[in-house]
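Asks: These are the residues of each chain, in order.
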Amino acid sequence: MTRLPRIAAGLALGAAMTMGAFAPVFAQDTIKVGVLHSLSGTMAISETTLKDTMLFLIAEQNKKGGLLGKQLEPVVVDPASDWPLFAEKARELIAVDKVAAVFGCWTSSSRKSVLPVFKELNSILFYPVQYEGEESEKNVIYTGAAPNQQAIPAVDYLMSEEGGAVKRWVLEATDYVYPRTTNKILEQYLKDKGVPPEDIKINYTPFGFSDWQTEVAAIKEFGSAGKKTGVVSTINGDANVPFYKELANQGIKAEDIPVVAFSVGEEELAGMDTTNLVGHLAAWNYFQSVDTPENTAFIDSWHGFIANDKRTTNDPMEAAYLGFNLWVAAVEKAGTTDTDAVLKAIVGLSYPNLTGGTATVLPNHHLTKPVLIGEVQADGQFDIVSQTEPVPGDAWSDVLPEDKGIEADWTDPLTGCGHLDTATKTCGAAP
Amino acid sequence: MITQLVLRALDRRAVWVVSALLLVALAIPFANLVLPEGHPLHLPNYAVPLFGKYLTYAMLALALDLVWGYCGILSLGHAAFFALGGYAMGMYLMRQIGARGVYANPVLPDFMVFLNYKELPWFWNGFDQFWFAALMIVLVPAALAFVFGFLAFRSRVTGVYLSIITQAMTYALLLAFFRNDLGFGGNNGLTDFKDILGFNVQATTTRAALFAASAIALAFAVLVCTAIVNSKLGKVMIAIRDAESRTRFLGYRVDNIKLFAFVVSAVIAGIAGALYVPQVGIINPGEFDPGNSIEVVIWTAVGGRGTIIGPIIGGLLVNAGKSVFTGLWPDYWLYALGGLFVFVTLFMPKGIVGSLRSLFSRRKPPRQDNSEPLETGAKDIPIIAEPQPGAAE
Amino acid sequence: MAIRLLRLIAFLIAALAFAVPHAAAQTPDIPALVDALGQGSFPEREAAINALVATGDERVPPILQALADGNLYLRKSDAKVVLAAKAGSGFALTNPLDGADLGPAAKAEIDKIKVNNGLRGKIRTAIGQMTLLSPDRTTRLSAAQTILKNADPAMRDLLDKALAAETDPQIKSVMELARAVIVLKTDTTIEDKRAAITTIISHGDRDAQTVLSSALADAPDELKPLIADGLATIARNLQLWDIAQNLVYGTSLASVLLLAAIGLAITFGVMGVINMAHGEMVMLGAYVTFVVQNLIATYAPGLAEYAMAISIPSAFLFTALVGVGIERGVIRWLYGRPLETLLATWGISLILQQAVRSIFGANNRLVAPPSWMTGAFELGGLTITWNRLWIVVFAIIVFAALQLVLNRTPLGLQMRAVTQNRRMASAMGIRTPFVDAMTFGLGSGVAGLAGVALSQIDNVSPNLGQGYIIDSFMVVVFGGVGNLWGTLIGAVSLGMANKFLEPYAGAVLAKIIILVLIILFIQRRPRGLFALKGRAVEQ
Amino acid sequence: MTDATDKFKTMLYLNGVSVSFDGFKALNNLSIIVHPNEMLAIIGPNGAGKTTMMDIITGKTRPDDGEVFFDGKVDLTRLDEAAIANLGIGRKFQKPTVFEGQTVWDNLELALKKPRGVFSTLGYVAANDDIARINEILETIRLSARKGDLAAGLSHGQKQWLEIGMLLAQDPKLLLVDEPVAGMTDSETVETATLLKDIAKTRSVVVVEHDMSFVRELGTRVSCLAEGSVLAEGTLDQVSANPVVIERYLGR
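Those protein sequences? They're chains A, B, C and D, same order as listed. For the first sequence, the working numbering assigns the number 1 to the initial residue and increments by one for each residue that follows. For the second sequence, the working numbering assigns the number 432 to the initial residue and increments by one for each residue that follows. For the third sequence, the working numbering assigns the number 825 to the initial residue and increments by one for each residue that follows. For the fourth sequence, the working numbering assigns the number 1364 to the initial residue and increments by one for each residue that follows.
Any given hint might turn out to be false.
Calculated pairs, EDC-like style, for lysine to aspartate or glutamate (alpha carbon to alpha carbon, straight line, at most 20 Å) [stated by the list, open to error]:
1) A:Lys227 to C:Glu868
2) C:Lys938 to A:Asp412
3) C:Lys931 to A:Asp412
4) C:Lys904 to C:Glu868
5) A:Lys138 to A:Asp412
6) D:Lys1560 to D:Asp1574
7) C:Lys910 to A:Asp291
Interface residues of chain A toward chain B, partial, derived using beta-carbon atoms under 8 Å [unchecked claim]:
8) Asp82
9) Ala87
10) Glu134
11) Phe207
Keep in mind the hints are simulated off the structure, nothing from the lab. Note that the Cβ used here is the ideal one computed from N, Cα and C, for glycine as well.
Model the full assembly from the supplied sequences, consistent with the hints where possible.
Replies: Shown next, in the form of structure tokens:
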């Protein structure tokens, strides 16, 4: 019984302060994989799909005969959108369930919360969501986009003739670290490109904000200064639907004021009526509408697994897909699931993207990925209007003066450094 | 007076609880550190901070019980005091990182470098000293409780109204702390701690020590609460809980007494929060969530309010259950939790301890002898008072 | 290049469409031009569009519209551009020029012809030019607006012609503005420009502001003061409108708060149940709307426009039933223990959330707005969105209906009797358990109605209710428990205060300030705005 | 009330007190005087304003208009309940209000005249005198045998007694007693009357009561209240002979 050790653990915990006998026996006939995504609470809306994706990927791998001759066994827990609980559950996965690697987290807070645990217990986290960068850790593989793989190309696109030659910028954001950092990078970037400060407006709203009347009106007003105006939205999760509903109703057309978002994908669009949002943009490394044989096969088998051909796919799913397959490849290469061996093996490995080309694990534990700009269509999908060559993920943004010349190099996981000053050859972060 | 208080604190039940806690404070580190791995009683490393976390939750529940169970003040914002204590501790821990942060800034924590702070905000000064942080852990929750309580109790905001504005308080704090402009790290909060008092927070010995500290702090809180509820002040508090205006007509300044209980409770909650943070390794605004405060109420109700041991048992059991079931039934545990709350309110209104007590007291002959009150310390004054149905409104 | 081309086209249109009846024009090879849309990159597609527009053919606008709407596809087998509509798992193809049926095609056989925002804008302009003289008023209006947005000097003659023929005052005013803008851009006399600026200033709206501020930089020096003055006038004017606009926003937020809180005003305010599951009732109402809409889409697509109307009673009944179930199952054991209802209903709310998550999944669900609830209209300098206007109306109706039920029906009388003195009411033969269940059902049902409305502006997700529960309690407590008018005033005050603070303090700070104000307010009036007085309250 | 009355020699002085709730005039220009060591019985129909009057004296309700003085010099309208109680005004409620969750002994200990501050109660240790006094009161109210029981377990009459005992423990100068004998047996009623008369030798007492035989037993000055003001005053016989009183209260 695979659940037995957990029950044993449960009983021991349940007895709380009594000192119960505690000697779980682990049958070593499977390789366990931890899945650490919120299934309840505010983040369930985004993370549940990733849990399903992980179960799907693991099932697919097992069909192919598993890994190192063993079957993979998913261990799913619910950290309930509660950041300290993320740390606790991560510890449980690693220490009690002895998982070989963990796939999980969505918000930066949850990642920051589990980081010390992964460092302490030396395990691997595959983090599948676009994030603010400014981080590179030995124990984390970042398979989502760094700012230079999403934000900067999106702004470049809007600045280009083809994207509408935007001159005036609204950075509309939810007040947390990812938008703060992204906006900091973008603000610097725009200024470097010669955008005067009065043509940049930054606005923060709280999580789950639902009454966007004033903000949307302010965007309209800002856009009436006679220069082509664009909105860069780092609005998070729940707040997006009311934002776009208000946008559509107040009649902001993409031809007049395009909104480019970094957190709105197929999943989010599924909850809104997009007929009046046609043309608004999103920047990702993957869209469901990408027309490649890999993607078609992926979508088909996903629909088969989930038994619902309406279920969308999205960028974090591709990131999870890449992360999982790269891990599988690394384990096969290393011949073991041992953390340090896998980390050593994984740097430099490549795996085909669903969008064509390959994703390579860089020494800074980020991936190379192409950047795609898509326009929202009436059917809730995106039309790709621009696609770059694969861009290497940059942990420390070159745009920010304080990060100039900072690199991360984990080629050798034992002596690597996450914050290497290439000028002085010193490693800023203490291990 | 002091001796009397100490004597009072040491009633039979309290002594039992305190000894159990002290025993645990020794036994858990022993089982973790001394017993070799593979020994049947060896406790794995990960369990120590987990149990420590439960203890701090139990302490929070005890704090709430002092005002709710004994004084009839249903605070739906108690997690705010817990979080404030936690933040004070978190700020100390952040300052301890020093130049070991990613950006190697000797003064500014990473997130400040990140957000372009040029210098430390004034309210971060002093937190590099443990004594200062310790002082703030006590003072900040106490000050908030004092100001809030002073206003609310003086204006005689009671019952549901009080509950709702305590909720508004913690909600406002939640929103405020989410703001990155406030200078507390926004949504991510404070994390990635390195040292506490020079010891590595991740070392097993430090963890064991923190666990022991939590157990001892809880024991101390039990003593303080027992001393209060066994004193005449405790009787007045219960009187206020059961018939507030009657107590006024007896000449008691109900607002002052409530304020006292509220502040003491906030301090206990703050200390609990301060012990919580180094053990879980993060403090963020999520702790201010009104839902968290409601959960604390539920732990207390499950264990048995108006008793000292009840909230401790409730806090431990519910949280241990949560740990187990979020892993065991990730998709269904909320049903179990929700069901538990409904079940307890319907069928065990006095909570676990209250129900057990009524079970036992039925067998015992009624007490006839109420001997000299002078010997309060040695006498069997019930820690467990019967809550009156409907008395809180 | 593009501009020169456009000028050429405009000239051609002017020449072809008006001077010569198009029957006389040489027939360009339109099918070939249409097929050219399917090839090449975005710039090449733009050229193809321009060529099509140049034909001036009346079949062109619908084709361009189809292109903009994403309905034009390229058939891979013969590189022909076709119109495709979803049919079953594949597509049904038609000829875009004559609508002739071209048979079905699988998804893999055709490629969508993509457009981007730039092209979409071009298409819109082109259609605008080609439809400025359309007999249909709406088409003409949007054509005029398009021309205003682009204000291409080449359009001037066309515009003059259209202006002469125009009778509709609204369209005329848009055209005049467009003409003035064009005049500003062309090389004419200062006097002409001065007149144009005056015209623009007299419009005094946001569009005029946009036009003037962009004109300011390139304007001749002697005109600059006039423009600056005009901008100042407009800004003053707009400032007044801003206040009015804030009132509109405040009203809208107030209606949302009222809807969310009014059910709670019954379950909590009247019955004294601290109903933490109230938000979940709202959420269930939104899901009922979702289910009803989907059922109708599947089984009775003809009724789609009425889905909302059908959702209203369905949501009310369903959530009322759930409410009655909760009351009979749990709440009735807890009367007289209000603070314990908090614990039980919190448990219920967790269960309901997870149940919805288990059934519908954690993702947002789409509740499509009916057409009469989309878009906005202008009222002076105000923009009013239809969905919010309807929600305000709906909130007023719900409030009035609730007042009627409570004050004018036997059930309402019994409810008030039971909540005031249960024992007495029972002694007088009122079936108190029945009345309790009905009251709780009514409160829950009203919460369900709120869910129907909120499905139009917010996420339909299991977390929907969580976002409103605290606000609802604030409204009810602020207004005073047990008084629907208090709830109304509470919702309006909080909504207005929030919206007037927001532009200055920002959304987060505004909310914090409101919360602090509520806390302070409760100190002044510990029982809310409309507190009951007298001895009875204390008991 | 005649203007000639010297406010400074009274124990309780109400002059022209009015209060209304949502338009309903609960008290209408009410004037009442109680002298030191005097007992006053107040009768009157329901809704006459008896309880409201007590609320005003004890600080629970603020009058809209009028003067309320205690001991001839303290303006009660400026004080809150606790301050008024500490001046030496004790109140027994119409519905017996004792602390049901606590023992009989604790109820009396709470009422005992001792410092009421937070820290003095926290550090309170029962002195021998206090214990003796509580035992004495227990004897008086005949609850010695039940001193360790929860007050919730007492009968209605016993609760009435306990509340009277709490009044005694407070050692007030002025006692406001609202329907003290409701729910008591005849013999208990007689004993209560005796007790109250005894108390009135050293303090002032205001008794509100419907039970005419009990009022007769008290044998003291009587005021009849109706619609918020004094209808008639005098001995019970005088008052009950008053035609207006008969019409409005006693019934034909």
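Asks: All hints are to be evaluated individually against the structure, with a verdict given for each.
Replies: These are the hints, each one checked on the structure:
no.: 1; hint: A:Lys227 to C:Glu868; in the structure: violated (26 Å)
no.: 2; hint: C:Lys938 to A:Asp412; in the structure: violated (46 Å)
no.: 3; hint: C:Lys931 to A:Asp412; in the structure: violated (48 Å)
no.: 4; hint: C:Lys904 to C:Glu868; in the structure: holds (16 Å)
no.: 5; hint: A:Lys138 to A:Asp412; in the structure: holds (9 Å)
no.: 6; hint: D:Lys1560 to D:Asp1574; in the structure: holds (16 Å)
no.: 7; hint: C:Lys910 to A:Asp291; in the structure: holds (18 Å)
no.: 8; hint: Asp82; in the structure: holds (6 Å)
no.: 9; hint: Ala87; in the structure: holds (6 Å)
no.: 10; hint: Glu134; in the structure: holds (6 Å)
no.: 11; hint: Phe207; in the structure: holds (7 Å)
Checked against the numbered hints listed earlier, the structure breaks hints 1, 2 and 3; every other hint is satisfied.
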